[in-house]
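Novice: Residue strings, one per chain:
There are 2 protein chains.
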Amino acid sequence: MNHQQLTGLIQKKRSFLCIGLDSDPEKIPPHLRSFDDPVFEFNRAIIDATIDFAVAYKPNMAFYESEGLKGWKSLQKTISYLRNFKDSVFTIADAKRGDIGNTSERYAKAFLAEPPDGFGFDAITVAPYMGEDSVKPFLKYPDKWVILLALTSNPGAFDFQTQKLQNGHTVFETVIQKSLGWGTSENMMYVVGATKAEMLADIRKIIPDHFLLVPGIGAQGGSLEEVAGYGMIKNCGLLVNSSRGIIYASNQTNFAEAAQEEAFLLKYQMEQLLSFHSVVG
Amino acid sequence: MNHQQLTGLIQKKRSFLCIGLDSDPEKIPPHLRSFDDPVFEFNRAIIDATIDFAVAYKPNMAFYESEGLKGWKSLQKTISYLRNFKDSVFTIADAKRGDIGNTSERYAKAFLAEPPDGFGFDAITVAPYMGEDSVKPFLKYPDKWVILLALTSNPGAFDFQTQKLQNGHTVFETVIQKSLGWGTSENMMYVVGATKAEMLADIRKIIPDHFLLVPGIGAQGGSLEEVAGYGMIKNCGLLVNSSRGIIYASNQTNFAEAAQEEAFLLKYQMEQLLSFHSVVG
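First to last, the sequence lines map onto chains A and B. Take the first sequence: its letters are residues 31 to 311, numbered as in the numbering used here. Take the second sequence: its letters are residues 31 to 311, numbered as in the numbering used here.
If several chains are the same, the list does not tell them apart, and a pair holds so long as it fits within one copy or across any two.
Lysine-lysine pairs mimicking BS3-like chemistry, simulated, CA-CA at most 25 Å apart:
#1 K107 to K139
#2 K57 to K170
#3 K170 to K139
#4 K107 to K57
#5 K264 to K42
#6 K57 to K166
#7 K139 to K57
#8 K166 to K235
#9 K139 to K103
#10 K166 to K208
#11 K42 to K297
Treat the hints as calculated values from the structure; they're not laboratory data. The structure displayed is predicted, hence computed values, not measured ones.
Bound conformation, chain A alone:
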């Protein structure tokens, strides 16, 4: 999915919500355990209930890998199911991968290549620590995206990312600046945590046009209004993620309705913000 299509989707759905499918077999409703693949049943129900309100879905690989082969089957079924809605959802592999060039090529194939060669996600999150040759292999797939970690939402972000380099800029600013030479606003986005929303204003000075993937509202405490206030641009330029706040809104038989309600509430706020910032009429 290209930049224009993603922007069109946001305008059509009047939402910039991304739902994180961090689906933990121990946290999903107990009544699903009798299914052959409880995690897939859970994901399918969540997707069906929320697809009118979300523009993107983001399974985090850790929750699937930790279940071994069973987990990979659940993931494969989930991405296949999402691909039924190909033109109306943007799919993100939250994988935070990155390795030397010839190895990153393999990760790129795994997540971005179309089936049967790969999962066929629209985008993958990538860790920047190993630099240019670890990121570039992910940029070779047309209409696919690298979402580079810049300033993450967790406490550990202050360990290295916000440290100042001798060039006067922080590590995360330097990651953004340097990576501008690797891709464009048509194939790169950046992760910027909602818990550091006030830093979005400075980030927008470096990347006025790029999409940002913003985790950390809800369970992690970030504010949607602040994120939009500091980070929204004329075509929106934001995907704001919520995981636990939506998918675990209830662990009873009504979990999908509860997730729908949470997604609707966020979408409703987002619609107001899109209108307030004149992204939609």
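Given chain A's structure and the hints, the job is docking chain B onto it.
Specialist: Frame of chain A; chain B shown alone:
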């Protein structure tokens, strides 16, 4: 496997060789393709041929993930096979993972927990960009190891890792220094590329006792003598990895013998170096 056991293994085998099982289905010998699981057959033959000369094996996850479910089955069989030699090999999941705390916990389970909960590797490589809470969950498993990326062997290492912070230290030195508060030399190692061997002397000033995992000799151009000269300590403290130089020494039916010869040559050099530096008598 704990520090003492690993050191004992190095002394017994008179080797500090780690073999990278970066097993690419397109590069393994064509005659293996008729097997049900060519990658596992390849790995098993390589392991059998080299186990007297290597102390560690390091499958890189990218090469398995990129083959989908089939790849995960090959990986599972490979680690099960390696666990037959539990006391005589150290196993490393080269995964370069790292995510917010609750998510890193899942990766830790996937790779470090004993079967059937996880793969049961002895160690996992971890990317430091997201800081303390992204690394600590991997340190909760007794006698298991985090191998933190510090200074990697690829050209992109110069993009961020070697940049100087305002504290006067480079990013990678700061990663090492800060992480000393998260674990000990009994559960943390660091990746330092052989292509930057001369930097090992400075690194040893910060971490005189920690094991280092050193990739980049062979295909990437690093020198074993330099690595030992700058990085070896009284109990060795090094695991030096070779992947392509060993496993793809031949792609004919003699591939295992060719791999054995390459592993033997490295082991022979290592034995000399261990003796020269008085690690073994």
